[in-house]
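> The lines below spell out each chain.
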Amino acid sequence: MPTAPTASTESTPLDHVVIRFAGDSGDGMQLTGDRFTAETAALGNDLATLPNFPAEIRAPAGTLPGVSSFQVQFADHDVLTPGDAPDVLVAMNPAALKANLPDLPHGATVVADSDAFTKRALSKVGFASNPLEDGSLESYRVHAVPLTSMTVEALAELGLGRKDAERSTNMFALGLLSWLYSRPTDGTRRFLEQKFGRRPAILEANLRALEAGWSFGETTETFAVRYEVAPAPAAAGTYRNVTGNTALAYGLVAAAHTARLPLVLGSYPITPASDILHTLSGLKRYGVTTLQAEDEIAGIGAALGAAYGGALGVTTTSGPGLSLKAEMLGLAVALELPLVLVDVQRGGPSTGLPTKTEQADLLQALFGRHGEAPLPVVAASTPADCFDAAHEAARIALTYMTPVVLLSDGYLANGSEPWRLPSVADLPRIRTRFASADDVPEEEHFRPYSRNPGTLARPWAVPGTPGLAHRIGGLEKADGTGEISYDPDNHDRMVRLRAAKVDGVDVPDVEVDDPWADGSHGGEGADLLVLGWGSTFGPISAAVRAARRGGARVAQAHLRHLNPFPADLGDVLRSYPRVLVPEMNLGQLALLLRARYLVDVESHTSVRGLPFTSGELERAIADAVRHAPRRPDGRGPSRTNGTAGTRLPQGSPA
Amino acid sequence: MSIDLGLPSPSQVGPGQGLRGVPSLAEGESLTRKDFVANNEVRWCPGCGDYAVLAAVQGFLPDLGVKRENIVFVSGIGCSSRFPYYLDTYGVHSIHGRAPTFATGLAVSRPDLDVWVVTGDGDGLSIGAGHLLHTMRRNLNITVLLFNNRIYGLTKGQYSPTSETGKVTKSTPAGSVDGPFNPVSLALGAEATFVARTLDSDRAHLTDVLRQAAEHRGTSFVEIYQNCPIFNDGAFDVLKDKDEAAARLVRLAAGEEVTFGGPDGRSQVVVPRLDGGGVEVVSRSAAEAAGRTPVVHDPTAEDPSAAFALSRLDDTAMGHVPVGVFRSVARPAYDDLVRAQVDAAVSAAGGPATDADLDALLAGQDTWTV
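Quick mapping for you: the protein sequence lines, in order, are chains A and B.
Residue numbers are given in this note's numbering: position 274 of the first sequence equals residue 274, and the series is strictly consecutive.
Residue numbers are given in this note's numbering: position 243 of the second sequence equals residue 243, and the series is strictly consecutive.
There could be a bad hint or two in this list.
[Said to hold, decoys possible] Restraint-style ranges between C-beta atoms, simulated for each label pair:
(1) B:Arg20 with A:Thr481: 30 to 36 Å
(2) A:Thr455 with B:Thr165: 52 to 58 Å
(3) A:Arg189 with B:Ala349: 25 to 31 Å
(4) B:Arg211 with A:Asp487: 53 to 59 Å
(5) A:Gly126 with B:Asp355: 57 to 63 Å
(6) A:Asp487 with B:Ala349: 51 to 57 Å
(7) A:Gly126 with B:Leu5: 51 to 57 Å
[Said to hold, decoys possible] Straight-line distance between alpha carbons at most 20 Å, and here's what the computed EDC-like set of lysine to aspartate or glutamate pairs gives:
(8) A:Lys163 with A:Glu153
(9) A:Lys163 with A:Glu204
(10) A:Lys98 with A:Asp87
(11) B:Lys67 with B:Glu41
(12) A:Lys98 with A:Asp115
(13) B:Lys170 with B:Asp233
(14) A:Lys284 with B:Asp357
(15) B:Lys240 with B:Asp208
(16) B:Lys34 with A:Glu444
(17) A:Lys124 with A:Glu56
(18) A:Lys98 with A:Glu133
(19) B:Lys240 with B:Asp314
(20) A:Lys284 with B:Asp355
(21) B:Lys67 with B:Glu215
(22) B:Lys67 with B:Asp88
(23) B:Lys242 with B:Asp264
(24) A:Lys98 with A:Asp134
(25) A:Lys98 with A:Glu138
(26) B:Lys156 with B:Asp112
(27) B:Lys67 with A:Asp438
(28) B:Lys34 with A:Glu443
(29) A:Lys284 with B:Asp359
(30) A:Lys195 with B:Asp366
(31) B:Lys34 with B:Asp88
(32) A:Lys284 with B:Asp4
(33) B:Lys156 with B:Asp233
(34) A:Lys284 with B:Asp343
To be clear, the hints were calculated from the coordinates, so they are not data collected in a lab.
Think of the CB as a built atom: it goes at the ideal place given N, C-alpha and C, for glycine as much as any other residue.
Only chain A is shown next, with the shape it has when bound in the complex (with noise of 0.2 Å):
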């Protein structure tokens, strides 16, 4: 099978593409998804990646419940996001195709498969007639494409079921897109070859369909063209395809393995977070320990158990494992114990939308405990982020003897991304230290709520350590020798003592990109800050970029730490006319803005369980600059209404 473009067919170059996949969540989409990002990022384009699935493992087939997609944005330049709209939909059956309708703009193009529009199926939707046939689908290009039975039909000779047959039809479809927009299939092949080795009659079936689609595309004059998208230029360097959830697995390994100390994860399996759970499960060989615990509170107590016995300890969740969590994690405050806690945020409330993205934990992470409970806060924002996030979050626990929250989203869990490998040797080391009978003066007793007074970190005295041995819980602590103490004014310098640890951990200043900042393109600094927190900096970068090619004066800084916040923050906040905070929930960090700066930041929110588009936030931030209000130097409009509250779908009563 040819991977280069051959003279059969005109080849277009495309600066990007969005593909967006969509069947059945039986037909193997996220899968066939999986397989072209794959071979998309071995060719060298950029791009961004964007699984949506129903919660349900089968939901009734051909019911619009039940269509799972991924989409794909790969280009020559480098990409922020996985796309706002797809340029191609494939889609399996009608229901694919009425899901995912609404988001398809006029001009792009369908590929679907004809078998699958069966009147019984097209009824199961609501389709009075064939959109396939009824001329309704006319603003589009439509590619109706009988790929169930020319993939039976290409492996008639392999003697398998009829059913088993229509199993690779997601092959046929991966390779008539790889062959419509020049991707190689060699490591999708080799991929099927792991995958099926042992299941021979499967691997070849599989494979037969994977060729077949793409011989359909260079033998069929259905498709005129076929395009090319080249390499995107980037940093020197080895790079991968990586999810947020593997990066972040990879970034708590790599921290365990720099503070040269065991890492073991007490976990209990939840959506989004599991695949952190399997992945670190399958790294025993890097001296990881993965107990699979009977719930939440068991996942975090092991965790924090084994934190006390000298191990990097974490615990991985999502939403509402973290509300399960909350007591262990005020014992972990007042033990002042290094630990990770990862959320992998979903929609909620309760249940909310398990496979869904969402990012309104933020309160909880901060706040979620009784008692005054502060402990630091670190958001990753991109999928590759989630190993520097994951490596800092641990930096932080070590280096303070705190439990730190680490925040990503379902967004950034499946989502995928290029990543420039780092060297492990090059990875900042984390220093520890067990504290030992030395550090105990003659005559006296240990003193385990001692504290380092550059960090205020106590020290860590494990179990085994001889002259050390103490007592430890929940009771209040006697500053410095930790016995039991209910005096009003110990309590009252301890909880202080907690706060002032975690408002002093080291945390870089705000990186704002400002290219006005310096005066040097003839002003005095942007009319607008936009400031975001965690997965949406994908879309805030892109709308950014498509607002300043608009000419809009717009800045940006994006935070790693959400507490402590960076120091300077509140300098940078005032330093712009207006600050718009775009979140995936109704304005968390807003509310910690103003209440922490008193500065009048103004909200953009939207929670759909999906991420921005970067339309929307285009709009956002041109509306923003529209009402920038005039400066002391007369630039800029007057602002007349200086208060921002949440914006409400339209449509929605007020």
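Put chain B on the given structure of chain A with help from the hints.
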């Protein structure tokens, strides 16, 4: 699909192995009870049964012959859970019902520690029942001391999961309608590998049971009947009065007939029921007349059914109360298995991961270079 885990042979997990891996005292070195007395003031109510258990534990720990700094007591919340504060070892007073979870992470990551969990009937069988069951199911190598006074002490006198039905307390003025747990039955149902019951007031019995529990590799579950002088005073008085005790306490001994009562302790016998399941108490004379032979206690029986039947002799009226070791069987400990898998993976790879190994992990299968 399942994988042969290469489980250790019973000889590696049998009696006396509970402290394997925990550093022993140096030759000629020994500890005394005083070495285990913390300088904290003990703050239990006067007459509390916890004092007796504390004294027994402090008195018995030196016999283990292991280094003091390698002993850790983990507790939850409740009167009994203050226990760690009064022992001069490592100790953690954690949160309500969750001590087994903390102990799990600790025991798995540190094979050189002798880990104890101290809990009460409220802590361990109510809020923490799930964790306790799963710890026993897994057979984590720890020793669990469950102080059972059949009442909530620290929260001031509400009924507990072991209180008898009809118990009148502050929260049940019309009497509790809850059915109580039999902790020993519960532990046997969870297939705990070591299950025993003893009394706070019988120092010799308590000490003997604790010794066997500590030496057992796997989860040792020890229920200790313990008096609460404030909220449930005298709950076990019938077992403490000499004559009553003789008529009610069924002392289990391995390899011996299960008999009790009367001046020689042999007037009553425990025999298999004629209708099939379980055991029952009959007078020795009646048994002999009917040709029924007493049950011979075998705590090492792999099948927990016989031990379970014995545990069912018990009722909340304490007509017949078996004490001693119900079950003591060898089964690989969870923490040993977890560590063995990690160790096997590390040694198969030729040793701990180097920077280069980690670089290879991060790179994965499909990379490209720009």
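> Please work out if A:Lys284 and B:Asp4 have their alpha carbons no farther apart than 20 Å.
At roughly 17 Å apart (the allowed maximum being 20 Å), B:Asp4 and A:Lys284 satisfy the hint.
> For the pair supplied as a hint, A:Lys124 and A:Glu56, confirm whether the alpha-carbon distance does not exceed 20 Å.
With a Cα-Cα distance of about 19 Å, the restraint between A:Lys124 and A:Glu56 holds, given a limit of 20 Å.
> Between A:Asp487 and B:Ala349, is the Cβ distance one that fits in 51 to 57 Å?
At roughly 53 Å between Cβ atoms, B:Ala349 and A:Asp487 fall inside 51 to 57 Å, so the hint holds.
> For B:Lys156 and B:Asp112, compute the direct alpha-carbon distance and say whether it is at most 20 Å.
Since the Cα atoms of B:Lys156 and B:Asp112 sit roughly 38 Å apart, the hinted pair is violated (cutoff 20 Å).
> Can you confirm whether the C-alpha distance between A:Lys98 and A:Asp134 stays at or below 20 Å?
14 Å, holds
> Confirm or reject the claim that B:Arg211 and A:Asp487 have a C-beta distance inside 53 to 59 Å.
Distance hint for B:Arg211, A:Asp487 is violated at roughly 40 Å.
> A:Thr455 and B:Thr165, beta-carbon distance inside 52 to 58 Å?
55 Å, holds
> Verify the CB-CB distance for A:Gly126 and B:Leu5 against the hinted window 51 to 57 Å.
53 Å, holds
> Verify the proposed pairing of A:Lys98 with A:Asp115, using a straight-line Cα cut of 20 Å.
16 Å, holds
> Can the restraint linking B:Lys34 and A:Glu443 be considered satisfied, given a maximum Cα separation of 20 Å?
18 Å, holds
> Are the Cα positions of A:Lys98 and A:Glu138 separated by 20 Å at most?
15 Å, holds
> Does B:Asp355 lie within 20 Å of A:Lys284 when you go C-alpha to C-alpha?
Status holds; Cα separation ~16 Å.
Going down the numbered hints, you'll see the structure goes against 4, 11, 26, while the others check out.
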